[in-house]
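Chemist: Build out the structure end to end from the sequences listed, making use of the hints.
Start counting the sequence shown at -3; every next residue gets the next number (the numbering used here).
Think of the hints as simulated: they come from the structure by calculation, not from any bench.
The reader is advised that the hints may include incorrect statements.
Below 25 Å or equal to it, Euclidean Cα-Cα: the simulated DSS-like pairs (lysine-lysine) are [said to hold, decoys possible]: (1) 168 with 191; (2) 168 with 223; (3) 241 with 119; (4) 191 with 241.
Using C-beta positions, here's what the derived DEER-type ranges look like [stated by the list, open to error]: (5) 123 with 179: 22 to 28 Å; (6) 240 with 182: 19 to 25 Å; (7) 240 with 203: 14 to 20 Å; (8) 218 with 151: 32 to 38 Å; (9) 147 with 119: 19 to 25 Å; (10) 125 with 204: 28 to 34 Å; (11) 239 with 119: 41 to 47 Å.
These numbers were taken from a predicted model, which means no experiment stands behind them.
Backbone N, C-alpha and C define an ideal beta-carbon position, used for all residues, glycine too.
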Amino acid sequence: MAEHPDLGRVLRQEADRHVPDRDAILTRVARRRGEPVRGRWSFLALRPVAAAASVVATLVLGVAGVKLAGERTEPDQIPAATGTSAPASPSASPSPSSSPSPSSSPAVTHRAPVTETSPAAPKWTPAAGYLSSAAEVDSHSNETWAQGNLVLTTSETITELDVIVSVARTGKISRAGQWTSIPTEMITMIVTEEKDALLYRFTLHDGATLAPGEYTFAAQYLHATGKRDATADSYGAIASAGDRKVEVTGAFTS
-3 MAEHPDLGRV
7 LRQEADRHVP
17 DRDAILTRVA
27 RRRGEPVRGR
37 WSFLALRPVA
47 AAASVVATLV
57 LGVAGVKLAG
67 ERTEPDQIPA
77 ATGTSAPASP
87 SASPSPSSSP
97 SPSSSPAVTH
107 RAPVTETSPA
117 APKWTPAAGY
127 LSSAAEVDSH
137 SNETWAQGNL
147 VLTTSETITE
157 LDVIVSVART
167 GKISRAGQWT
177 SIPTEMITMI
187 VTEEKDALLY
197 RFTLHDGATL
207 APGEYTFAAQ
217 YLHATGKRDA
227 TADSYGAIAS
237 AGDRKVEVTG
247 AFTS
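Modeler: The following block contains the structure:
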């Protein structure tokens, strides 16, 4: 699976623009994928939602984390290469003042064996400030149906909240529903079907607040018969308590 170090910066830029430039985003993604490979979102129009979903589908599955956009930031700049080239080894050539003997054996260059390194493990941030998170497959899941439960716990009153649950398309996945313990009149729920994942989004309405406590976000889906491994599923959330913003990310346990 592909890995990516910072989904947050990409989504922050798209949240700032409100109408993301899909081609520009995918170009940046392709450039960053040169490494070995796993916001407030706007729900005001279909195009921004679809474009943002495409970005998440491209980056979330197998990235080192799912960092969602919230605060405004300056556009990220792709740093110039900082590595330096090793000095070239001197070639084994004959001295210009002497002629090589006909019986001399050609010089043999020995190359060091190339070793492959495994991609770094994802770096999740399940807790930050006043917000903590935990995600697991519901115990009532069965041979063909499952529910992933994400529980967010806050010690502060939340004034803004964006959540995404990404269910990897392993084992013939198809959507089967979603729900949250937050009253439906206070939240928007959207499911986007992408090539590699089902993306379940939950966004708190403007002006709504959540008191300190626990809140559940459930993603339901059908899968091929048998026990499904959910360790490729991930989530991310960004919350605001007044002017204090925090982000949490993590993966599901089966």
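Chemist: Next, verify each hint and record whether it holds.
Modeler: Hint check results:
1. With a C-alpha separation of about 12 Å, the suggested pairing of residue 168 with residue 191 holds against the 25 Å cut-off.
2. With a CA separation close to 12 Å, the supplied pair residue 168 and residue 223 stays within the 25 Å bound.
3. About 20 Å separates the Cα atoms of residue 241 and residue 119, which keeps this hinted pair within 25 Å; it holds.
4. Simply put, residue 191 and residue 241 have alpha-carbon atoms about 31 Å apart, too far for the 25 Å limit, and the pair is violated.
5. Separated by about 25 Å at the C-beta atoms, residue 123 and residue 179 satisfy the suggested range of 22 to 28 Å.
6. Checked against the hint of 19 to 25 Å, the pair residue 240 and residue 182 passes, with Cβ atoms roughly 20 Å apart.
7. Taking the beta carbon of each, residue 240 and residue 203 are about 18 Å apart, inside 14 to 20 Å as hinted.
8. About 36 Å separates the C-beta atoms of residue 218 and residue 151, a value consistent with the hinted range of 32 to 38 Å.
9. The beta-carbon spacing between residue 147 and residue 119, approximately 21 Å, falls within the hinted interval of 19 to 25 Å.
10. For residue 125 paired with residue 204, a C-beta distance near 20 Å fails the hint of 28 to 34 Å.
11. Separated by about 26 Å at the C-beta atoms, residue 239 and residue 119 break the suggested range of 41 to 47 Å.
Violated hints for the displayed structure, listed by number in ascending order: 4, 10, 11.
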